[in-house]
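Participant: With the hints as a guide, dock the two chains, each given alone in a separate frame, to form the complex.
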Amino acid sequence: MADRPRISWPNGARVALWVAPNVEHYEYLPPRDPERNPWPRSPHPDVQGYAHRDYGNRIGFWRMLEALDRYDVTCTASTNLAVFEHYPDIGKAMADRGWEIMSHGIYNTRYLSSLSEEEEREFYVDCVETLRRHTGQQLRGMLGPAVSNTIRTPDLMADAGLTYHADWLHDDQPIPIHVEKGRLVSVPYSIELNDVPVFLHHYDTDDFVAMVKAQFDTLYEEGAVSGRVMALALHPYLMGMPHRIDGLEEILDYLLGHDLVWQTTASEIADYFLDHYYDQFVEHAASINEVPHAR
Amino acid sequence: MPANRSLGMDHPHYEYSPLPQRSDLSWPTGDPLALGALVLLEHYEWEPPSDTYSLRNPSGGLFKLPAPDYLQLTHREYGHRVGIFRILDTLEQHKVPATVAVDKLTAMHYPWLIEHLQSRSCELIGHGVSASRLITSKMTEEAEAEIIDESLSYLEHVSGQRPRGWFSPEGVESSRTPALLAAAGVHYVCDWPNDEQPYQMTTPSGALFSLPLFLEVDDEFVLWRRRANLSSWEKMLISAAHRLNADGQTSARHLMLTLRPWLTGQPFRIGALDRALSSIAKLQGVWTAQGSEIVDAFKASTKAN
Numbered sequence: 017m018a019d020r021p022r023i024s025w026p027n028g029a030r031v032a033l034w035v036a037p038n039v040e041h042y043e044y045l046p047p048r049d050p051e052r053n054p055w056p057r058s059p060h061p062d063v064q065g066y067a068h069r070d071y072g073n074r075i076g077f078w079r080m081l082e083a084l085d086r087y088d089v090t091c092t093a094s095t096n097l098a099v100f101e102h103y104p105d106i107g108k109a110m111a112d113r114g115w116e117i118m119s120h121g122i123y124n125t126r127y128l129s130s131l132s133e134e135e136e137r138e139f140y141v142d143c144v145e146t147l148r149r150h151t152g153q154q155l156r157g158m159l160g161p162a163v164s165n166t167i168r169t170p171d172l173m174a175d176a177g178l179t180y181h182a183d184w185l186h187d188d189q190p191i192p193i194h195v196e197k198g199r200l201v202s203v204p205y206s207i208e209l210n211d212v213p214v215f216l217h218h219y220d221t222d223d224f225v226a227m228v229k230a231q232f233d234t235l236y237e238e239g240a241v242s243g244r245v246m247a248l249a250l251h252p253y254l255m256g257m258p259h260r261i262d263g264l265e266e267i268l269d270y271l272l273g274h275d276l277v278w279q280t281t282a283s284e285i286a287d288y289f290l291d292h293y294y295d296q297f298v299e300h301a302a303s304i305n306e307v308p309h310a311r
Numbered sequence: 045m046p047a048n049r050s051l052g053m054d055h056p057h058y059e060y061s062p063l064p065q066r067s068d069l070s071w072p073t074g075d076p077l078a079l080g081a082l083v084l085l086e087h088y089e090w091e092p093p094s095d096t097y098s099l100r101n102p103s104g105g106l107f108k109l110p111a112p113d114y115l116q117l118t119h120r121e122y123g124h125r126v127g128i129f130r131i132l133d134t135l136e137q138h139k140v141p142a143t144v145a146v147d148k149l150t151a152m153h154y155p156w157l158i159e160h161l162q163s164r165s166c167e168l169i170g171h172g173v174s175a176s177r178l179i180t181s182k183m184t185e186e187a188e189a190e191i192i193d194e195s196l197s198y199l200e201h202v203s204g205q206r207p208r209g210w211f212s213p214e215g216v217e218s219s220r221t222p223a224l225l226a227a228a229g230v231h232y233v234c235d236w237p238n239d240e241q242p243y244q245m246t247t248p249s250g251a252l253f254s255l256p257l258f259l260e261v262d263d264e265f266v267l268w269r270r271r272a273n274l275s276s277w278e279k280m281l282i283s284a285a286h287r288l289n290a291d292g293q294t295s296a297r298h299l300m301l302t303l304r305p306w307l308t309g310q311p312f313r314i315g316a317l318d319r320a321l322s323s324i325a326k327l328q329g330v331w332t333a334q335g336s337e338i339v340d341a342f343k344a345s346t347k348a349n
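Taken in sequence, the protein lines are chains A and B. This note's numbering numbers the first residue of the first sequence as 17 and each following residue consecutively. This note's numbering numbers the first residue of the second sequence as 45 and each following residue consecutively.
Only chain B is shown next, with the shape it has when bound in the complex (with noise of 0.2 angstroms):
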């Protein structure tokens, strides 16, 4: 339905808020900025169903080429087999505690990577069957219900723990995916870039947060799509947390990277999310924490049900 012209939003997702007129946010240790990594694992398959839809220039590879893409589909499982260790690695040398996107064909074809995640602590949350099957609305309520449902239960069959946050597959959703991951019992939900707090979705059933990402300095928006040199987008997440952590004073920000193995975790790259981190870890009051972790600080500091 196209907007009518009232108050407030065009949607049932959330309530309009501008960041003046909200009650301060403070964080458990008084710290003015929430620092956490969202890593994501995406499996793009190699001959997905007929019946799915994917991104029609996903990234990765040279150009479109004609089915088989192996450029594409090897670019991308560079990650799982190569970056995602590099990654970890810089993550835990900084102290920024990894929050896993994993979509279930990651889980059911690596599940060596599925128990090495968990002995390192990362949180894993729900990210979809695979990122050649997205959730839009082109498909009925019932599919998209069995994809959530079913990427979560797979999760907590091989992880022994039920997911509590959602990033959909390439970020894109139906409209009716808030409301069915709420029912699904998703507690937070990244796929609505729209701000530098937490906020509470409304949902017929169940309670769902949302945790919003930084789009501005997610590494495939910048270095993939925008094409800006890596030099910049180390000099952006630098520059963004320190502004985060000055305007945190006075009611505190979250900074969520998004970081895709395939692409940060070339040996190229690596070295400038390092230098990022170091240089962000030298500011005063930054709390590293994971998605969860943030999600439950906010509702303790908003007392949100």
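Chain A extracted, bound-state conformation (with noise of 0.2 angstroms):
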């Protein structure tokens, strides 16, 4: 970071902000995975987790849009792409507000991990396919299925055509990964400035606004001089909640009232970085890497 090529966003903004709801789908009885089980409290269903999450799409959804669309967040929404099968109504919801889909797999309690080459390359084809039916849009990035990945997924995302990949949390900014053909980058996404962790555990809400208040200020700091990446990470069925919609709300009325952010889409971040700074990240990193080890 100290020493790459520095980055300025559209208008000179210091931020580069995307708000990233993640819509799903768990089955209530999902196909066994040999290596995770999504339903560990008992043996499934776990009517109590199925139906937790269920809340979001029932209801926490709706209250969330309802406090996305007063601060005219345009979101990118991570979805698994089921959703839009068996929930159309969010589906038009998030198509009609001109939101990115990001690809989050096709449920939620299937996972890549276990897939074998030839099924995983099918799996993009699936992903491209089914958003491009319901709502148009190209595929343009993917944070894997409840953030599953196998060795191989970077070169065979590029190789079904998308841009970026939200699962790399090494970094403040968009980084080049390397892939056989073609370009990828890294759009920072977030497992901290995230509500499944933060709520998993004895934080609330107060903490996870104080949380993403702090990250945000430091970013907007360092973001004079080199621009960077935020990653916003919501879940309807939990910051949905009668007793945390505050929270968003206090969270969008801080970030959105500081003048140097650009409040928008993964895909637009990825865009403007392949089109401005790709090439010179990728000579840097060489240049750094070239240079010998002093003993």
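Every clue listed holds true.
Chain B regions said to be covered by chain A (calculated; three or more residues, Cβ under 8 angstroms):
#, region
1, 58-71
2, 177-185
3, 213-220
4, 230-244
5, 258-265
From the structure, some residues in chain A lie toward chain B, with a derived Cβ separation under 7 angstroms:
#, residue
6, GLU43
7, TYR44
8, LEU45
9, PRO46
10, VAL63
11, HIS68
12, ASP70
13, ARG74
14, ALA98
15, GLU101
To be clear, the hints were calculated from the coordinates, so they are not data collected in a lab. Since we're looking at a predicted model, the values are computed, not measured. Every residue gets a Cβ at the ideal spot worked out from N, C-alpha and C, and that includes glycine.
Facilitator: The following block contains the structure:
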């Protein structure tokens, strides 16, 4: 970070902010995965876990939508694409608002980690076609289903025509990801500014709000030197709860109350980076790695 | 069966219903929010039968100890001996009529307590046989139907009334449970925490309604599983009620609290419930009601059968 080419975002923005509601369906009776059990509390079904998440699609999404609309946020919805088939009302609400739909797989209970290369290739074809069929959108990026991946994922994503990958937490800026063919960039997502891990443990809404503000303050200050990316990861079944929604409004009010914020989508960030900085970043990384180690 | 990618839910128990698509709901009092409390009396057995299933990490105690785990078992029993009276007193003070889920072994081992609950006009609902005998897909349909009938019949036998409501032990169901509950004459079930309004379930026989609990403010979920501190729980209860009260102006909502006497009934915790209910009581437009009253009012408002 200290020695990189400087990024300047459009209109002198210091922080590119993308807001990512995760719109999901967890299956009632998911197929058995050899390595990961989505419902370990009891033999399947786990109606408590299932219904907890189902709340998001019945109630939480709609309450969250009112808050996002009030602040005119253009979201990048991390979407289990079967949501378009199960809940067309939700699909339409997202498409009508011009949100970008990012793939979050088909279901949150079907993981990439156990797929063969052939199955994973078919998975991308399915994702691309499903999104096109329901919205006309070209799929641009993915956050792995329930954040699962394989070692082949970046290559296969690039092969399938995707531009960005959101599973890399290693930076505050977009970064080129090496792939065999084509170009792929990471757009930083967050597993910290994310209501799931925060509310999994003892933190509450006030803590989440404080974390988001502090993160933003630091990035906003640093972004005066070179542009930063900030992701806000949300889940309607958590942040759409009646006792949490005020926290989301407070967050949006604070972040969007700053002038030099570019509130945009993940693909816009990826495209801007590809057009202006990708080559410089590749060259810079190569130059760093050429420096012989001093012993 | 894994989901097939088609319209609506991936199970047969209810229809998908996004809130904005529903017709407006109103309570008989015209209030925007119905507030209820489900109090759980769950019996954990010292020596459960070997063919039964319990949670791997049930709450209470220090951490899972080899059986017999005196700490977990007696921590839970504190609710039946002491905590329940604090909870009932606090609810009565704020005029929230209690709905109490009672499992069969509780009814069997604590007959005095059942009479006491009746003398305080609590609504009793079915809660399986015990918390160490969960209803799961591992059991046969016959065994499950037997557990359901046994629990309801025993409560009817000791209280003189067939329960209208049901909450499965630890909220765990098999994929057959809603159908079997409806067949056993149960009127409403609290196992599905997915909504802020009741809704009708779809079953092959009998009419069954879902009365969702509010898992994210459930005392065990917040205080035990998430280990949130007591003052955040108090704030959650208050802010949830405030927001539901405001959103309920357009279409009414319910807030069904889940309270465990062994947990919230501890001396250091009871004050948080008391303060939260005091604050909620200051809101205009809160109808306090028992589970079956809320479900009946839902039926009347939506003209469901």
